[in-house]
Amino acid sequence: MSKFIDRINQLARKVPTWVVYLLLTLPVALLLFQLVSGGLGVDPAKRFEHETGELSLKLIVLGLAITPLRKFLKLNLFKFRRAVGVMSFVYVSVHLFAWVLIDMNLRWAQMYEDIWKRPYITIGMFAFVLMIPLAVTSNNLSLRKMGAATWRKLHKLVYPIAVLGGVHYIMVQKVWETEPMVYLAVILALLATRIKWAPKARTAPGV
Amino acid sequence: GALGGSVAAQESLEPNTWEEITSYNNFYEFGTGKSDPSDNAGDMVTDGWEITIDGMVDNPGTFSLTDLTADMTMEERLYRFRCVEAWSMVIPWNGFELADLLNKAGVQSGATHVAFETAVLPDVMPGVRQRVIDFPYVEGLRLDEAMHPLTIMATGVYDRPLANQSGAPIRLVVPWKYGFKSIKSIVRITLTDEQPKTSWNDINAREYGFYSNVNPEVDHPRWSQASERVIGGGLFSARQDTLMFNGYPEVASLYDGMDLSIEF
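Order-wise, the sequence lines are chains A and B.
Under the UniProt record's numbering, think of the first position of the first sequence as 1, with each following residue one higher.
Under the UniProt record's numbering, think of the first position of the second sequence as 34, with each following residue one higher.
The shape of chain B in the complex, shown without the other chains (with noise of 0.2 Å):
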């Protein structure tokens, strides 16, 4: 798509293999290895999938998946993902643009904040049954970073339907964001005029900032963020500089004003 990040930087960015992009999660409510999501994930009926979508909205109300996406207009979109843990990969996105959605539901004036809470299923996720973190998983968004054309919801990978490890059945994609914020297998959007409250921030704030922006300049107090290794990269030669906003520099007008060291 003309509007997935810069054209250069498109042209020049290898997808990761479907194998790569759907081994290699991170979605704690399936356990905290990389490998669990794809080992367990495989439970969860997506079919007949609800998304509630509330708060500060001319249309609230409960839709089918079906339903609400039948009048989006679907892309694909190749997107740099880049996890706080500092790994890399390029992934061919499907979805719409989440603007979209959020103007089908009609935002009201005085919202600032949209939530997101993903599904909470303990009879077939085990990471939810053990209580690794709480739950529901929950991130959220300014309204301007929300509305913003990057930002999607994403339903497929390699014109395929989500994997259930990789988000399915819809997921949001925040490509110039560290990948803990694009959550997964959503059920509930909320309009909001606070900032909400979102779960590794929750978890720890010190090293999980709201705001969660890919910066090379300023260190998760775990890893620097200088770096990323390439997943599928060589074994001698998989790192490569971290690009601020992960290479998405359109972006940065969205925080104009801030001190990106404070409001990491």
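Looking at chain A on its own, in the form it has when it is part of the complex (with noise of 0.2 Å):
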């Protein structure tokens, strides 16, 4: 197993992020093919709307996963983190068009009524107000000019964002639907990874 971390470290060292970006892209660019060849089925609306939403969603449990990743596993993915990032912002604001585009059709009164009314979409839009700020300052010079500490404290919103990206999901869903649990189940248990339990323990007398 170690030798196996050890030959995804390797290989993980000499892969350019620029390669990530194109692999991350490629789904999307399907997607849009499809939905112009008519590739998605009866109500391609709904299901580009819906594969991007999940998508976006993967993604922030992807980026999520990297740290625990590296201090459970010594697996070091560390360096396609802002890749993962960046790219669950562009397919989440590809979910958002869809619906302002292709599902409401630019109904804006009735979406502006949407998002405060219905809770699921309140909530989704929540969310990608939070990940603006995050999108914004996914640069180095952003992270210089404001600094290691407050930047890292600032990027710590992607928890929130991706808890009220999971419930988003399951409050979509008519009834209790399986798959989305499973999703905010693995974000809560990747969240809880970073809990630090009792650190006082390490200062206590005789230790």
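Errors might be hidden in some of the hints.
What the hints assert, rightly or not - Keeping only pairs whose Cα atoms sit at most 20 Å apart, straight-line, the calculated SDA-like set for lysine to any residue is:
| no. | chain 1 | residue 1 | chain 2 | residue 2 |
| --- | --- | --- | --- | --- |
| 1 | A | 174 | B | 252 |
| 2 | B | 67 | A | 177 |
| 3 | A | 174 | B | 237 |
| 4 | A | 174 | B | 168 |
| 5 | A | 58 | A | 156 |
| 6 | B | 67 | A | 175 |
| 7 | A | 46 | A | 94 |
| 8 | A | 174 | B | 239 |
| 9 | A | 174 | B | 136 |
Stated by the list, open to error - The following label-pair restraints were derived from C-beta to C-beta distances:
| no. | chain 1 | residue 1 | chain 2 | residue 2 | range |
| --- | --- | --- | --- | --- | --- |
| 10 | B | 164 | A | 122 | 45 to 51 Å |
| 11 | A | 39 | B | 294 | 38 to 44 Å |
| 12 | A | 185 | B | 136 | 51 to 57 Å |
| 13 | B | 164 | A | 150 | 45 to 51 Å |
| 14 | A | 185 | B | 294 | 37 to 43 Å |
| 15 | A | 39 | B | 277 | 35 to 41 Å |
| 16 | B | 240 | A | 154 | 36 to 42 Å |
| 17 | A | 160 | B | 93 | 57 to 63 Å |
| 18 | A | 110 | B | 51 | 57 to 63 Å |
| 19 | A | 23 | B | 240 | 55 to 61 Å |
| 20 | B | 51 | A | 27 | 27 to 33 Å |
| 21 | A | 152 | B | 292 | 52 to 58 Å |
| 22 | B | 139 | A | 175 | 57 to 63 Å |
Bear in mind the hints are in silico, worked out from the structure with no lab data behind them.
Using N, Cα and C, we set each Cβ at its ideal position, and we do this for glycine too.
Hints are included, so try docking the two chains, each in its own frame, into the full complex.
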């Protein structure tokens, strides 16, 4: 197992990040192609909306997994964390534009009402808004200007974002569906790995 | 048919394709995804189907579908179909008026409601095995709604027998109500003197009322009902305004004196 992880770590060091950006662009490119070529079935708008939303949530989960993967498995994918985060924002933006354009067909008044009146839309929109500062500061210049500590603090926003995203997905369903609940469970588990259990134990006398 | 909605409205309706009608369904017995029913419903056997008619009727019993429909007047009805999820289709049903069936059964005085029940066939229904909701799926109408000439029992679409995923071999169609009222694959019809339990109302009474009339002014907490996406419409133009009673204003008198925002 550890040999296998070493090999992945070696490979990760060699792969440039643009390759990851490119790979993560492929699913949305394919979906867009299917959307215009009629490959998304009878209700293409809903299907496109759903797929991009789910992909964005997958990337958020992947982004949250990077730290625990290093901590527990010594698997180091840190280099790609920004790419994963930025692409999750790209997907959530495409998801939002799909809602505006091909689902709601630019019915602004109804959309405005829906954002305030439908809890799952309110929550989804709130999560999107919280992602904006993270996307804007996802560059070295911002990191330098803000200082690493402040930057890290800001980017902890991804924790509530992930929970809101998971809750949004559960609430879209009419009944309690397994898949969205698995997403939220995984998100909560990944957040739990960040809890520092009993930090005072280290300084206890005799240790 | 001349009775299938107002004639003017009918002429402007463009039916959805068989493919659209049979590949995009809600039929939780076969799974909760839109394509689950078309993927999973193939194993349901509808030959030899029987329906029990009981409760407050003069002629109760269990009847073969063939016998039951033998002397019914079959017609085509081109109806709008509006899902509570805010999408819609136009479907050319084949069927007969429910009133004819109820008259044949002999509704006793004092009966006020009609209850319907869907088959529960765990061997061929993965959604039933997973118990995604409580089964059997049940629905109900007030007797005057059931007797309205727009209310039909459908056995076909496009002059073909219903596809299993569309509710074969026989289903209810109430075009002015959200689609979930139009219960599928019916095995029991019961006349009663009280408002029957209905599945979605039972699952979430705040979101789904007993009446569930299509009403653009009464929002569902989850979906605005002001507009709907027409399945098969263009990517940028599929959304249209939703019509009161789904464009069947002739049923309005059934609800005279009722506050439809309370009795939704």
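Against the structure, the hints:
Distance check on the hinted pair: residue 174 (chain A) and residue 252 (chain B) sit about 15 Å apart at the alpha-carbon level, within 20 Å; holds. Under the criterion of a C-alpha separation no larger than 20 Å, the hint pairing residue 67 (chain B) with residue 177 (chain A) is consistent with the structure, at around 14 Å. Only pairs whose Cα atoms come within 20 Å are accepted, and residue 174 (chain A) paired with residue 237 (chain B) is accepted, the gap being roughly 9 Å. Distance hint between residue 174 (chain A) and residue 168 (chain B) is fulfilled; the C-alpha atoms sit about 16 Å from each other, no more than 20 Å.
Distance check on the hinted pair: residue 58 (chain A) and residue 156 (chain A) sit about 18 Å apart at the alpha-carbon level, within 20 Å; holds. Pair hint residue 67 (chain B) plus residue 175 (chain A) holds up; C-alpha atoms about 14 Å apart against a cutoff of 20 Å. At most 20 Å may separate the alpha-carbon atoms for a hinted pair to count; residue 46 (chain A) and residue 94 (chain A) meet this at roughly 13 Å. For the given pair, residue 174 (chain A) sits about 13 Å from residue 239 (chain B) by alpha-carbon distance, which is consistent with the 20 Å threshold.
Pair hint residue 174 (chain A) plus residue 136 (chain B) does not hold up; C-alpha atoms about 37 Å apart against a cutoff of 20 Å. Between residue 164 (chain B) and residue 122 (chain A) the CB atoms are about 31 Å apart, so this pair departs from the stated range of 45 to 51 Å. Roughly 42 Å separates the CB atoms of residue 39 (chain A) and residue 294 (chain B), a value that falls within the hinted 38 to 44 Å. With their beta carbons about 54 Å apart, residue 185 (chain A) and residue 136 (chain B) fall inside the hinted range of 51 to 57 Å.
Against the hinted window of 45 to 51 Å, the Cβ-Cβ separation of residue 164 (chain B) and residue 150 (chain A) comes to about 50 Å, which satisfies the hint. For the pair residue 185 (chain A) and residue 294 (chain B), the supplied restraint of 37 to 43 Å holds, since their beta-carbon distance comes to about 38 Å. Between residue 39 (chain A) and residue 277 (chain B) the beta carbons are some 36 Å apart, a value that agrees with the proposed interval 35 to 41 Å. Checking the proposed 36 to 42 Å range against residue 240 (chain B) and residue 154 (chain A) shows it holds: the Cβ atoms sit about 38 Å from each other.
The hinted window of 57 to 63 Å between residue 160 (chain A) and residue 93 (chain B) holds, with their beta carbons roughly 59 Å apart. Checked against the hint of 57 to 63 Å, the C-beta distance between residue 110 (chain A) and residue 51 (chain B) comes to roughly 31 Å, which is inconsistent with it. At about 41 Å, the CB distance of residue 23 (chain A) to residue 240 (chain B) disagrees with the hint of 55 to 61 Å. For residue 51 (chain B) and residue 27 (chain A), the Cβ-Cβ distance of about 31 Å falls inside the hinted range of 27 to 33 Å, so the restraint holds.
Restraint check, residue 152 (chain A) to residue 292 (chain B): a C-beta distance of roughly 55 Å satisfies the suggested window 52 to 58 Å. Checking the proposed 57 to 63 Å range against residue 139 (chain B) and residue 175 (chain A) shows it is violated: the Cβ atoms sit about 38 Å from each other.
Hint check: violations occur at hints 9, 10, 18, 19 and 22; the rest are consistent with the structure.
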